[in-house]
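Undergrad: Here's the letter readout for the chains.
Number of protein chains: 2
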Amino acid sequence: MTTLTDTGSFTAQLRAQSRRYHDQHPFHVKMNEGRLSRRQVRGWVANRFYYQANIPRKDAAILANCPDREVRRRWVLRVLDHDGTTGDQGGIGAWLRLAEAVGLGRDEVLDERHLVPGVRFAVDAYVNFARTRPWVEAVASSLTELFAPDLMADRLAAFERRYPWIDRDGLGYFRSRLAQAPRDAEHALQVVTEHCRSADEQARAVAALSFKCEVLWSILDAIDQAFPDSDSDSDSDSDEAGQL
Amino acid sequence: MTTLTDTGSFTAQLRAQSRRYHDQHPFHVKMNEGRLSRRQVRGWVANRFYYQANIPRKDAAILANCPDREVRRRWVLRVLDHDGTTGDQGGIGAWLRLAEAVGLGRDEVLDERHLVPGVRFAVDAYVNFARTRPWVEAVASSLTELFAPDLMADRLAAFERRYPWIDRDGLGYFRSRLAQAPRDAEHALQVVTEHCRSADEQARAVAALSFKCEVLWSILDAIDQAFPDSDSDSDSDSDEAGQL
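Each protein sequence line maps, in turn, to chains G and D. Position one of the first sequence corresponds to residue 1 (UniProt numbering), numbered consecutively onward. Position one of the second sequence corresponds to residue 1 (UniProt numbering), numbered consecutively onward.
Excised from the complex, chain G in its bound form (with noise of 0.2 Å):
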């Protein structure tokens, strides 16, 4: 087994799946060019809202798993970053509120009305992952958000000029994640570097990330299917009512 003592390459290796993240898919590109309908943003905001609030469920898993108190104790911010403590405090409350910006009700998100299969199937996909894998490797898969300011930023200045329609008030959640994305990225690359030191150990958590970047991949692809750009959309761009 040949061991990479080269955290550098180990680190670059991961950082190179950047060319598989999102932010590269179709639906991504066209929504940062301001071309998405009304109808497609809010597909995106309530399908996307899936994945949001699992996220606490899939720290929580990693956190089960995770005997290195020291971990714990860092990784449990994101459960309650996420969670929040009361009312909409927190990124569920924050995707809400963005929910609400673009015209949706917020009892239609949460109940799921408008939820592909698609997008359930790739988010539960992750939160089993994180849930049976060894931690470490649940842990690489977190690091999408190596590249999750970038996107933030170009996300926040796009819905900002590009969708004059949608309340600025609502972009909080992609403004908090400007902040939260890179602390949190830097402490699992740490534990990644830190604990994985074989070759094996590094080809798991790249494939790890590599599979991370499937899952969004994958949610963008439903949402995509679902919510198809269509001469019938101009109905919906000047429903103000907020009709998905």
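No lab work stands behind these hints, which were simulated from the structure alone. All of these numbers come straight from a predicted model, not from anything done at the bench. We put the beta carbon where it would ideally sit given N, CA and C, even for glycine. Misleading hints may appear alongside valid ones.
As the list claims (entries may be wrong) - With the Cβ distance kept under 10 Å, some of the chain G side facing chain D (calculated, not the full set): (1) 63; (2) 83; (3) 84.
Unchecked claim - For each label pair, taking beta carbons as the anchor points, the in silico distance ranges come out as: (4) G/19 x D/69: 31 to 39 Å; (5) D/85 x G/19: 32 to 40 Å; (6) G/149 x D/97: 37 to 45 Å.
Using the hints, position chain D against chain G.
TA: Okay, now just chain D, sitting in the frame of chain G:
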């Protein structure tokens, strides 16, 4: 299927499980009567540490399985209570201070050298239960906390009066649980009575609590077997250096 609409009788069934609680185990009776040797006290503290160390993982498993954000927001406090934020904060840190107070080195507790197979087996079974059973059953299994405050009060009094060789400063864990356990038990009881409405659901909740009583009982069985009453204990009893 009979529905027990009477929450009172369901709660009474849960409380009746106190008959099976480990305060009535011979080893615990001996402990509270001041009849344990130093070696036996140390064996109990070192082995029970494995239970303490796994509590946050058990609670994180419940978080991972629970789709209700409001329940998670309260349940995560248990993880924070036991892991703490820094240094020796939290229940695990407090138990390590107890270990030092009874004359154990911190290392010999952390490296599990005194851990007996039956204790590992019972604790792992508890964590596995929380991981694999429906989350409401796992919550029900935590309801031994209904019985804990009485036990903690008796144990605290016993340790202070019967074991004068134990540094009082090491008893902080028992003191903190006097306040935490009733708060935690109240929340868990509320969740269980809200979610278990059918006779089947209520029966499974009672069975879960019964299982947990067996976990605690098995832990004491294993410790009792490994650290029996013995004439040779007189040597250990005079051993101020703290060898187990």
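Undergrad: Given residue 84 of chain G as an interface hint, is its Cβ closer than 10 Å to any Cβ of chain D?
TA: holds (7 Å)
Undergrad: Has the hinted range 32 to 40 Å been met by the Cβ atoms of residue 85 of chain D and residue 19 of chain G?
TA: holds (38 Å)
Undergrad: Cβ-Cβ distance between residue 149 of chain G and residue 97 of chain D: within 37 to 45 Å?
TA: At 41 Å between Cβs, range holds.
Undergrad: Close enough to count: is the Cβ of residue 83 of chain G nearer than 10 Å to one in chain D?
TA: holds (5 Å)
Undergrad: Could one say that the CB atoms of residue 19 of chain G and residue 69 of chain D fall in the range 31 to 39 Å?
TA: holds (35 Å)
Undergrad: Is the shortest C-beta separation between residue 63 of chain G and chain D less than 10 Å?
TA: Given a least distance of 4 Å, the restraint on residue 63 of chain G holds.
Hint compliance for this structure: no hint is broken.
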